[in-house]
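With the hints as constraints, model all of the structure from the sequences given.
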Amino acid sequence: MKTKVLSLIVLLLTLSLSVSVFAFDPETFVYVGGAGGPQTLDPAAAYDTASGEIIHHVYDNLFEYVDGDLDKIGPMLATEVPTVANGLMSEDGRTIRVPIRQGVKFHNGSVLTAEDVKYSFVRGMLADPAGGPMWMFFEPLLGVQTMRDVIAMAGGPSDFVEIDEVDPAILRKAYDLIDATMEVDGNDIVFHLVDPYPPFINILAKGGSWSSILSKEWMVANGAWDGNPDTWPKWYDRALEEMVLYDKANGTGPFKLDTWDKSGAQVLLSRFDEYWRGPAQLKSAVIKNIPEFSTRLLMLRAGDADGIYVGQQDLPQVRSIPNVVVVEGLPQVTNTVLFFSFTIPVEGNEDLVGSGKLDGNGIPSDFFADINVRKAFGYSFDFEAYLNEVALGAGEIPKGPFPQSLPYVNTEQEYFTHDLDKAAEYFKKAFDGEVWEKGFKVGIVYNTGNDARKTALEILEYNIERINPKFQVDVIGLEWATVLDRLRSASLPIFVMGWLMDFPDTHNFAVPFMHSSGTFAGFCGQGLIDLAKEQFDELIAAGIKATDPAERERIYHELQRLYVDLAIGMPFMEATTHRVMRDWVEGFEYCPAYSAQYDLYYISKVQK
Amino acid sequence: MITYIARRLLFLPVVLIGVTLMIFVAMSFLTPYQLVSTYIKSPEELKNQSLDDLVRKYGLDQPVHVRYINWMRNLLRGDLGYSASANMPVAEAIARRFPATVELALFAIVPVILGGIWLGTISAKHYNRPLDHFSRVFAIVGWSLPDFVFGLILLMVFYGVLGWFPPGRLSMWADSIVLTGDFTRFTGLNTLDALLNGRPDIFWDSVRHLIAPVMTLAYLWWAYLLRITRSSMLEVMNKDYVRTARAKGLTERVVMNRHVRRNALIPVATVSGSMVLGLLGGVVIVETVFDYKGIGLLTATGAQQLDYTLVLGTTLFYGLLLVLINLVVDVLYAVIDPRVRLE
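So the protein sequences, as listed, match chains A and B. As numbered in my numbering, residues 1 to 608 make up the first sequence, in order. As numbered in my numbering, residues 1 to 343 make up the second sequence, in order.
Do not rely on the hints blindly, as some may be mistaken.
[As the list claims (entries may be wrong)] Taking lysine-lysine pairs in the DSBU-like style, the calculated list, with each CA pair at most 30 Å apart, reads:
{"#": "1", "chain 1": "A", "residue 1": "K234", "chain 2": "B", "residue 2": "K57"}
{"#": "2", "chain 1": "A", "residue 1": "K422", "chain 2": "A", "residue 2": "K357"}
{"#": "3", "chain 1": "B", "residue 1": "K47", "chain 2": "A", "residue 2": "K545"}
{"#": "4", "chain 1": "A", "residue 1": "K438", "chain 2": "A", "residue 2": "K470"}
{"#": "5", "chain 1": "B", "residue 1": "K47", "chain 2": "A", "residue 2": "K262"}
{"#": "6", "chain 1": "A", "residue 1": "K422", "chain 2": "A", "residue 2": "K438"}
{"#": "7", "chain 1": "A", "residue 1": "K248", "chain 2": "B", "residue 2": "K57"}
{"#": "8", "chain 1": "A", "residue 1": "K283", "chain 2": "A", "residue 2": "K608"}
Bear in mind the hints are in silico, worked out from the structure with no lab data behind them.
Here is the structure:
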């Protein structure tokens, strides 16, 4: 019996040895990401990096960034970049003509036309799934944010629950409004913008998954909207999984989608041999997700993965591994900001605001509406310590709400420094000295699991409590779901959030951080909304409409100055990123605008 | 016995309605904006302020009882709803992930039970002697090791150093054949499907991926079975009929195997039943470490993301499984043990 067991084990081990002979596959690239895969492959709905990653390889856009440089835009499926100089853009910047490349094939064999381009964008706008990226078309083309707004423009209600409640005549009118924004003229497509919008070309460039070009013929054959002006509501704001492109794809990109294996959390891609720029060197690629870092790392070591996701905190573990290359300090257009809520509800919020009064046991609703409090908090934070000890040096200290790599940012802007004397000075001024005299108690929140943000808040806590023993700050971790709920009711006195650009323009940061209807204003209470309406909204509108770069610079410098002077929030980090790959990976190209970790078209594998 | 089974089965809907009601009651404590986190999974995904649109779109603002009635109505039509965390319909998610779990359970249960009983027998035979101490310490170390630690150690040794047993369910090459090639999925069990498709290479590949998680599960669970077997054997060893057997001159081996062990196995059978259930419910940590995409990880991820359709679906499924397996075990008792009568 025992000998049988023993021989069985020996047999098993030999067998496993015989199949585990290391096989280097030069034509397949495997990237293993962390938790969470794509949510949808539909370019009109995808708005997260994991989805954008897949869309990047399968589709092309009209333009692309040359050599990954955000300042250099080149043609992709277009043949020229429109400018006033080459006559493709009108003097007023409102009419933009884009000539479309001829002879480009989709994966299904159909040939790209200007009609496909128009269909791609019109279909996306008409579908406008809630929470999606299509606002980037509505804003430049019609000056609104959603399809709902367009229906309202056409005279309909904006608060309907089901779209069939709306009069078909109004829906037709809404369609006509959209249809009129673009026209096909021979091989060209002509965009009509409601106002000049300098970054419109960026919105159409590679990296914007929302501006991927689809094949109308293939879409219609697969059950998507057929271009009929009256039937589009059937496809309006459907659940992600009900959209035709949810898990199917047909682009002109260098790779075809083989399958999105959802239960295995992986996407299989294979080379499109008829790619218009010539076929890629890789034959296939696998992009998969494994939440456990140790497992990913072992796969990299074993050579089963060519590149893996490694969190900043784990980088020291991989730097010294032989045959592994770590590329660090890759610039990103992003920032991480500590926000203050100007009007905090007290009822039901006692765990954070305590008594709701300035009596040493809580904070009043308008605590952060006092500029002195905000400034005092700003001067309390130790920016250097965070950058060096927590972010391990991977980034820069901001100079305001606009990342310094963007144009029109004043890199000389004076900003908060770690200065506890100044902080004390402002605390003494706040609420006519009452804050200093009576003290306060406040709960500040991070979403559990995000240790870097937790540490940032602890740095703040440590420094503020050092200033005056009557000051009490509690760092509280809440589940993301609860954070989201309390953000909605603007009830977090302080919260930390990041913003990763959609397109590289200062406007894309001015709106979320400063506009009264921006993403974050609603989370900061009515106090900020009122302030923004009064001081920022007009400037922001002027900034995006200005076509003269000098004028834009003046406006964004002014917005930046206002943000810092008024201490609207406290941006504290502009993080860089990194890649971890095997040394046999060649042709790595980086562009801060791209969701894809690796631009697979340029990648090849050469064994050392 | 038929009446007994029928009565138990009649009770089934009551159990299922009970568990789903409990989940809905628990859910009623969540606000629509907490539930919307299923669609905005992290702060990074919060890109524009359309929380209200999302809430309206997915009907998260409807009262809980309305949602329950809707859910029940769909259920009666065989529709378990769509899972945003798994990116597929709940029924499909279960149908795809459960076979993986079944496969792991099938491979794990034999070494777990046989190994546990074997160790327990050794311990009992060598009661309070070095071999007893050794096997107890060996097993108790496994029991006290956190599963992710032991799993990672195995993964490092057998994958990182030796390269034998990789994580996942299949290698990339096998995956691409199974997913996109000419390969029919009959059962969802990779090993079985590989054999049915006449692909011994894929069969072996999937076995290779099963060995390390099975070893982890086996070692971690042996201690439990060892202790049950040991104590139950020690109890039986002191029974009169064992003394009689020895007195009539039977060899120690026959006494042990025929008279002692067989009688000592009844509590072991009970425990094994619950182990099978435990395995079928999924083993989250082992699935995480070995990137083995089973039902445990599916449910855990869904629960973390407040994906209530998925949680409801898997709970319903697991409830069904629990009731049915318990019923089978009870019926088996009656068949095996003449002292048990079902009424």
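Evaluation of the provided hints:
For the hint linking A:K234 to B:K57, the alpha-carbon distance of about 15 Å falls within 30 Å, and the restraint holds. A hinted pair counts as satisfied when its Cα atoms are at most 30 Å apart, and A:K422 with A:K357 qualifies at roughly 25 Å. Note on B:K47 and A:K545: the hinted pairing holds, with a Cα-Cα distance of about 23 Å set against a maximum of 30 Å. With a C-alpha separation of about 7 Å, the suggested pair A:K438 and A:K470 falls inside the 30 Å cut-off, and the hint holds.
Annotation: proposed proximity of B:K47 to A:K262 holds, straight-line Cα distance about 24 Å (limit 30 Å). Simply put, A:K422 and A:K438 have alpha-carbon atoms about 19 Å apart, close enough for the 30 Å limit, and the pair holds. For a cut-off of 30 Å, the pair hint linking A:K248 to B:K57 stands: about 23 Å separates their Cα positions. The suggested pairing of A:K283 with A:K608 holds, with an alpha-carbon distance near 20 Å, which does not exceed 30 Å.
Of the numbered hints stated above, none is contradicted by the structure.
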